[in-house]
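Since the structure of chain A is already known, use the hints to place chains B and C on it.
Residue numbers (this note's numbering), protein chains in the order written: chain A, 1 to 122; chain B, 123 to 816; chain C, 817 to 986.
Just so you know, the hints here were simulated from the structure itself, not pulled from any lab data.
There may be inaccurate statements among the hints.
[To be verified] Among the chain B residues that face chain A by a calculated CB cut under 7 angstroms, a handful are: (1) Arg173; (2) His176; (3) Ser177; (4) Gly181; (5) Tyr302; (6) Phe325; (7) Phe354; (8) Pro699.
The C-beta atom is built at its ideal place from N, Cα and C for all residues, glycine as well.
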Amino acid sequence: MPRKILTVDDSRTMRDMVSYTLKGAGFEVLEAEDGLKALGILANHRVDLIITDINMPNMDGVTLVKRVRAGGPHVSTPILILTTESGDDRKASGKAAGATGWIVKPFAPEKLLSVVNKVCPA
Amino acid sequence: MSTPTFGSDELAQFRRTFFEECTELLADLEERLGALVVSSSDVESLNAIFRAVHSVKAGAGAFGYTVLVGFAHRFEALLDRLRDGKAELDERTLVSLVAAADVFSALVDLARQGEVPADDFGADVAEELAILLGSETAPRPAARSPGSAAEELPASKEKTYRIIFRPNAELFRRANEPLYLLRELKTLGALAVDCDLSRLPSFETFNADDSYLGWTMTLRSDCSPDAIAEVFEFVDNECVLTIAEADATEAKPDEAAPAIAASSKPTIVAPSSPSESKPAESKSAGKTGSISSIRVDLYRVDRLVNMVGELVIAQAMLAQQFIESRDHDDPAANQGFEHLAGLTRELQECVMAIRMQPVKSVFSRMPRLVRDVGHKTGKDVRLEMAGEQTEVDKTVIEELADPLTHMIRNAVDHGIEDAEVRLAAGKPAEGVIRLSAQHAGSNILIHVEDDGAGLDRDRLLAKATEKGIVSANVKLSGEEIDELIFAPGFSTAAAVTDVSGRGVGMDVVRRNVQALGGRVQVTSTAGKGTRFTLVIPLTLAVLDGMVVAVGWEKYILPLTSIVESFRPGRGQIRVIPGGGEVVSIRGEFVRLIHLARVFGVSEAVTDPCEGLVVLIELANGSKLGVVVDELIGQQQVVIKSLQDNYDPVPGISGATILGNGRVALIVDIEELTRLYDRNVRIADATTRPMAANA
Amino acid sequence: MAESQDLPSIGPNSGPDIAAALTRQFISFRVGDDEFAIDIMAVREIKGWTETTVLPNQQDYMLGVLNLRGTIVPIFDLRCRFGLGLTTATRSHVVIIVAISGRLLGLLVDAVSDILTVNAADIRPVPDVDQPIDNAFLAGIIPVGDGMVVLLSLENLFANHGPANTAVAA
Numbered sequence: 001m002p003r004k005i006l007t008v009d010d011s012r013t014m015r016d017m018v019s020y021t022l023k024g025a026g027f028e029v030l031e032a033e034d035g036l037k038a039l040g041i042l043a044n045h046r047v048d049l050i051i052t053d054i055n056m057p058n059m060d061g062v063t064l065v066k067r068v069r070a071g072g073p074h075v076s077t078p079i080l081i082l083t084t085e086s087g088d089d090r091k092a093s094g095k096a097a098g099a100t101g102w103i104v105k106p107f108a109p110e111k112l113l114s115v116v117n118k119v120c121p122a
Numbered sequence: 123m124s125t126p127t128f129g130s131d132e133l134a135q136f137r138r139t140f141f142e143e144c145t146e147l148l149a150d151l152e153e154r155l156g157a158l159v160v161s162s163s164d165v166e167s168l169n170a171i172f173r174a175v176h177s178v179k180a181g182a183g184a185f186g187y188t189v190l191v192g193f194a195h196r197f198e199a200l201l202d203r204l205r206d207g208k209a210e211l212d213e214r215t216l217v218s219l220v221a222a223a224d225v226f227s228a229l230v231d232l233a234r235q236g237e238v239p240a241d242d243f244g245a246d247v248a249e250e251l252a253i254l255l256g257s258e259t260a261p262r263p264a265a266r267s268p269g270s271a272a273e274e275l276p277a278s279k280e281k282t283y284r285i286i287f288r289p290n291a292e293l294f295r296r297a298n299e300p301l302y303l304l305r306e307l308k309t310l311g312a313l314a315v316d317c318d319l320s321r322l323p324s325f326e327t328f329n330a331d332d333s334y335l336g337w338t339m340t341l342r343s344d345c346s347p348d349a350i351a352e353v354f355e356f357v358d359n360e361c362v363l364t365i366a367e368a369d370a371t372e373a374k375p376d377e378a379a380p381a382i383a384a385s386s387k388p389t390i391v392a393p394s395s396p397s398e399s400k401p402a403e404s405k406s407a408g409k410t411g412s413i414s415s416i417r418v419d420l421y422r423v424d425r426l427v428n429m430v431g432e433l434v435i436a437q438a439m440l441a442q443q444f445i446e447s448r449d450h451d452d453p454a455a456n457q458g459f460e461h462l463a464g465l466t467r468e469l470q471e472c473v474m475a476i477r478m479q480p481v482k483s484v485f486s487r488m489p490r491l492v493r494d495v496g497h498k499t500g501k502d503v504r505l506e507m508a509g510e511q512t513e514v515d516k517t518v519i520e521e522l523a524d525p526l527t528h529m530i531r532n533a534v535d536h537g538i539e540d541a542e543v544r545l546a547a548g549k550p551a552e553g554v555i556r557l558s559a560q561h562a563g564s565n566i567l568i569h570v571e572d573d574g575a576g577l578d579r580d581r582l583l584a585k586a587t588e589k590g591i592v593s594a595n596v597k598l599s600g601e602e603i604d605e606l607i608f609a610p611g612f613s614t615a616a617a618v619t620d621v622s623g624r625g626v627g628m629d630v631v632r633r634n635v636q637a638l639g640g641r642v643q644v645t646s647t648a649g650k651g652t653r654f655t656l657v658i659p660l661t662l663a664v665l666d667g668m669v670v671a672v673g674w675e676k677y678i679l680p681l682t683s684i685v686e687s688f689r690p691g692r693g694q695i696r697v698i699p700g701g702g703e704v705v706s707i708r709g710e711f712v713r714l715i716h717l718a719r720v721f722g723v724s725e726a727v728t729d730p731c732e733g734l735v736v737l738i739e740l741a742n743g744s745k746l747g748v749v750v751d752e753l754i755g756q757q758q759v760v761i762k763s764l765q766d767n768y769d770p771v772p773g774i775s776g777a778t779i780l781g782n783g784r785v786a787l788i789v790d791i792e793e794l795t796r797l798y799d800r801n802v803r804i805a806d807a808t809t810r811p812m813a814a815n816a
Numbered sequence: 817m818a819e820s821q822d823l824p825s826i827g828p829n830s831g832p833d834i835a836a837a838l839t840r841q842f843i844s845f846r847v848g849d850d851e852f853a854i855d856i857m858a859v860r861e862i863k864g865w866t867e868t869t870v871l872p873n874q875q876d877y878m879l880g881v882l883n884l885r886g887t888i889v890p891i892f893d894l895r896c897r898f899g900l901g902l903t904t905a906t907r908s909h910v911v912i913i914v915a916i917s918g919r920l921l922g923l924l925v926d927a928v929s930d931i932l933t934v935n936a937a938d939i940r941p942v943p944d945v946d947q948p949i950d951n952a953f954l955a956g957i958i959p960v961g962d963g964m965v966v967l968l969s970l971e972n973l974f975a976n977h978g979p980a981n982t983a984v985a986a
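Chain A extracted, bound-state conformation:
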């Protein structure tokens, strides 16, 4: 069974890029455009990894991480946050909320895959 990844980003461009890269590497990808929608998907799907943006409407990434870590089937699912290079403090807040690691935007496809494999190897 292919590993299943949920990518959460309000930017279609980013979702497309993440999704395209992951699908090309054989992952199954689910997409959500904000934290709230992500929780909805997580309620119905078991995923192996969550990749989330931080700045999103309705529910931001940090809150999403906190909610996922608060309990439920994904309490110990790896979560990667997408952050810009300037976002050191965001890395920290994401990490504090319970994120497993981060990916710096913009990312090369290879870098994304290597980070994904780091926290969630086949």
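What follows is chains B and C alone, placed relative to chain A:
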């Protein structure tokens, strides 16, 4: 900064998506920015603006638009401080935000066009942002990309490292897995692992969620210490980690190699690692993703619209052939044809609905415009909007932007009076402009209303006379004078202002709206204000039409303009001096226009009492009786452009293909009077002086 | 069309490819007693005459529009365009559909005669003589056997039909 290495096709596709998204984000940004008020703390709007800038920045980074990224960074930083309450939204800041949005949007446009902005592009605005940000948030040097150091360092000879890794108890809570790290470390070189079990508690106090193990490792590798640190990047703050270069003699690689097997030791604790749990997997069975929308290339939608258009025509042609065939009274076949017609119609409606979008995307630009123009003219103006969610065809939306911008600008510049004048007239100093949209049948109705002084009819008339648009001795009604602002070459600006004096008048607005198959009318009350009404078809692709016969030709009249049709009695028709004809209907006298004469069709009915009069209401509310031979029937027609292959034909707004495969022309009813005056009246009465508007 | 006019210079080793590039193909047709030709690259299709839908208040030679598989195509009477009177079109008349500057239009002619393959060097300039047809329409003369075929410049023929409309209506 890492550069994406997607294929060029994918990159082009992502880029398209990115710019599509930019358009949406910038529209949202404009709208939110327009709603900001000085010294308010509208955190929600600031958040939304921040997100828009941030999203564009992220995408721009992916495509290497570095100038855009750099500007976005400052813009974002200021927004960040504002939303955190660390900076105050004063007048100066607001003006800067607006200016920044302009530069930002221009940079996106340049990127879209594949142009590289000049080095000093928007430098003044960037400078102002930097000043507002103060020195503490001066652009920091780009953070070193992790791992890049390792790649940049020249390959050095093999070294031996001693690594001590002792995770904190809560390591698993963030789904970090030491086993993965050890495996990753193994990819760097020869690894010997020694597991430290000293912290393992007694079984009674063992907590499966906690991490108790520690590792001491020996790695023989030619990598840099940074590369090793990178492996532990995500757990940096959740462990005790030491990486030290060991004395070369201390390392015993021959022993280290078999010791790799020791790395299997941590698997002892693996069952306690929740990431390995499987039981919940069955829950997801059967359910699919909750994706509720997809994005489709506009080209594909257009093709679909065209194909369905062709299908509608083919269906109509087939139906007509059937009616003319011998089997036309076969009930089963008749039923089949009716069903087919119904399905085709429904299919067409569904396809048209795909292209529908809320007018919000255009409306959202207006608050900003009102503020800008208000600022320039020194007027205090509030914009009220309603019906932003009203949907209309995407192409119509695009074409709405110019006319609306022009009318709103006019309303602020000319409609709303200066504050002193308003106060003197007993009005509040702040002017109000209302922009609203609603559906009305197959049209969208857009009102642009101001509570200003209303049109100055004396000045309009004087100006029109001076410009030779009307002759001095012609008597015009108040409404006719108001209509003059749409006359070609007529500019309402008393003085050429920075805002409106660009040689573009309301005639352009009317032309634009007419090109959309719509109409625009104005009503005005002195001292109370002016109201423009735009009536525009929801779609440019189909039209509800009435097919009429004139001689051998068939024409389509837009159904929405038709009030009724009737065959007048002799007593209803009056010939008026000057050669015109009127028909009297319910006490109202309506001017008659023979379509055959306007279009030069021979062998048509010349006596209205033998043909039919189609009563039409024009955009300005006046009525017109169009004389035709007979009505053929009502039909939804697919609009085809004549101008793809030919020039505009006065009086004809487009064409369609009828069931018999022949082309029928769609009549531009707004042009009829003008054409009639030009082509017919002049020819009829060559001895009379020319009409004023010839 | 444009590419066929950019003739390559003849080098010392001109092979068959270059020779082919130097020949151009034309469709020749008849209007009255005269033979005309147009560049074959401009021709999209040839069809029999069918009734058009007349556009109001146009020049005489503008015969109206046809439905060409969903596209509305204007049709022009070449005879009339040359000032030689309207053609009484029948089913035996032919409409040549051509593409000029991105637009499609149809030319009503009496009959299509031939496809001519002509050495570009054999196309002669138009002599400056008095004739009913405006010189601007003529791009050259192609000698065929004893006679000649007049090569038409489609761009010049229909470059100005737009403004002409308004002149008539005003």
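Requested in this report: Taking the numbered hints from earlier one at a time, note which ones the structure violates and give those numbers from smallest to largest.
Outcome: Numbers 6, 7 and 8 - these are the hints that the structure violates, sorted from lowest upward.
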